[in-house]
Amino acid sequence: MRLWRIAVGGLMLVVVLLTLSQVFARYVLNSSIIWAEEANRFLYVWVILLAAVGADHMRIGLIADQERFRKWLTPLALIAGILALGLVAWGGWTLRQTFVHDRYVTLGLSKGWYFLAAVVGGALWAIVLVWRSLEPKKDTRL
Amino acid sequence: MTLLVLLGTMLGLALLGVNLVFAILLASALALIVYREYVPLEIVAQLFLSGIDNFLLLAVGFFFLAGELMNRGGVTRRIIDFAQACVGHVRGGLGHVNVASSIFFSGISGSAVADTAAIGSVMIPAMEKAGFSRGFAAAITQSSSVIGPIIPPSIPIIVYAVLAQQSVGKMFLAGIVPGLLVALCLMITVYILALRRGYPAGQWQGFRAVLRAGASALLALATPVIIVGGILGGVMTATEAGAVAVAYAFVIGKFWFRELSWAHCGEALVAAAKGSATVLVIVGASSVFAWIVADLQISRTAAEIIFSVSRDPFWVLVMAMLFVLLIGLFMDPLAGLVVTVPVLLPVMIEIGIDPIHFGVLIVLNLMIGLTTPPVGYLIYLSAYLANERPEVVIRESLPFLATLFVALALCICFPALVLSLPALYSGG
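Keeping their order, the protein sequence lines are chains A and B. Going from the first sequence to the numbering used here is simple: count from 1 and add 10. Going from the second sequence to the numbering used here is simple: count from 1 and add 54.
Hints are computed from structural coordinates only; laboratory data are not their basis. Be careful, since some hints might not be right.
Derived coverage of chain B by chain A (criterion: at least 3 residues anywhere in the stretch with Cβ under 8 Å from a Cβ of chain A; other residues may be distant) [to be verified]: (1) 71 to 79; (2) 94 to 103.
Distance ranges between label pairs, derived from CB positions [to be verified]: (3) A:E77 to B:T56: 28 to 38 Å; (4) A:Q107 to B:Y92: 46 to 56 Å; (5) A:I44 to B:V59: 43 to 53 Å.
The beta-carbon is built from N, C-alpha and C at its ideal position, and this holds for glycine as well.
All chains should be modelled from the sequences, with the hints used to inform the complete structure.
Next comes the structure, spelled out in structure tokens:
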């Protein structure tokens, strides 16, 4: 949990600093950092998918939170989540295999890393979903 | 039919308590499997990622972070003090202060939930002490929070600009007048209610108090000017303006007000990442949805349905707004945006409605949905803050709800309210 907070907060900080350096470099040093935009977008995708694992996501509790429906609808929500995330993680994995030799133009980094975000984020998110559903009493929020 | 399957599956799953991201993803995947069997399913993951991978969307994270830092840095209290000095003496005193705080606060944060939480936690107890009912205090807090995402900076407006490929700067400008109009209408309602119920007015503290409170709030109030000015002046992109706002919020919170600790900064970073993740996974899922809407030409069907009733732009717009309102009753504004914009925007463009006008209307409309039952979480949040039953807050909100609809109707009938400022900018 602590590790997750450091990773997410740290990556976010890097993105902010990188964008600020970009503005600074352009106006003060008169030369822009050519790889900044690609790097930022790449890091931001990772920030979002990692943060999504521990974030509170929007849902409509109108029907599902009523006592008599909860028993049936909670597993449904869980299965739907696993299916959707499975689709994302599996798609990410397949695309990673396909595009692993493609590279970011200015970063020189393999595009595989970009698709890996979907695999890691999707899988972790699904694990957290299952884990939370197993311990409903305890507050397992990250 | 395809429209029905796609929207029906999604709304159905969402109502059954499935997270909105998953509902959008699964409904889109189902539509793919049923109608386009030779499209590989990997496209879901690909579009999901590419929906998040957008330079403009970094701004969402930055505006979240700037708001978090301002909040922790002691800005909220100074803004409320300033509002108090300005309008506290009018009949209905703190009710007006609440609305005015929302205006000032909207220039810092881009989200209505942040507004309700920040202003409500300070204003509701203060209003109760001054003799207002808790229900009324919660109602005006949640209703005035609608202003937040209309006045720049605004996260829903950035998302609309991305979806509709409009200029963020112009969209920001377009929101200013409607935001102030909403505030004005709400204040008139507060005034009338205060007269009828005998709510108190505060003391006029004199211009010196306004200036004094203004001076310390000024630093915070300058944020929207820096952001909008920076973007429109061509100095920065919207994303960079967001990052500059973060730096600015950090500097004034840390070195001027001296209330921001390093621990606060760490919390703010994580909170901002989580906040943007909730928004952006929806945007990512929506790019899958938008692809299918375009691929199956679903907006053609929507256009046919709408045009079969009328081809008059005004009535087309009214029908679109009713549809959006219906969606907004059940869905969060961002999810509502990503679902309705791909379907409706092509129709609007075809009939000659300005996408900027449509954008402000749709955001305002969906924000109103956030204050209405059955699924308005501002109600529950403000009721929680006021320690009052949601039903009471809903009843107290009715006059304000009517007011918000009047403001929306005015913006529909008079496009100039929305379009004058952006036109002025393009013209000059």
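To see whether the hints hold, each was checked on the structure:
Against chain A, the region 71 to 79 of chain B contributes 8 residues with a C-beta closer than 8 Å to a partner C-beta. That satisfies the three-residue criterion, and the hint holds. Requiring three or more residues with a Cβ within less than 8 Å of a Cβ of chain A, the coverage given for the region 94 to 103 of chain B holds, as 8 such residues are present. For E77 of chain A and T56 of chain B, the Cβ-Cβ distance of about 37 Å falls inside the hinted range of 28 to 38 Å, so the restraint holds. For Q107 of chain A and Y92 of chain B, the Cβ-Cβ distance of about 21 Å falls outside the hinted range of 46 to 56 Å, so the restraint is violated.
Evaluation of the 43 to 53 Å hint for I44 of chain A and V59 of chain B yields a pass: the beta carbon distance comes to about 46 Å.
When each numbered hint is compared with the structure, a violation occurs for hint 4 only.
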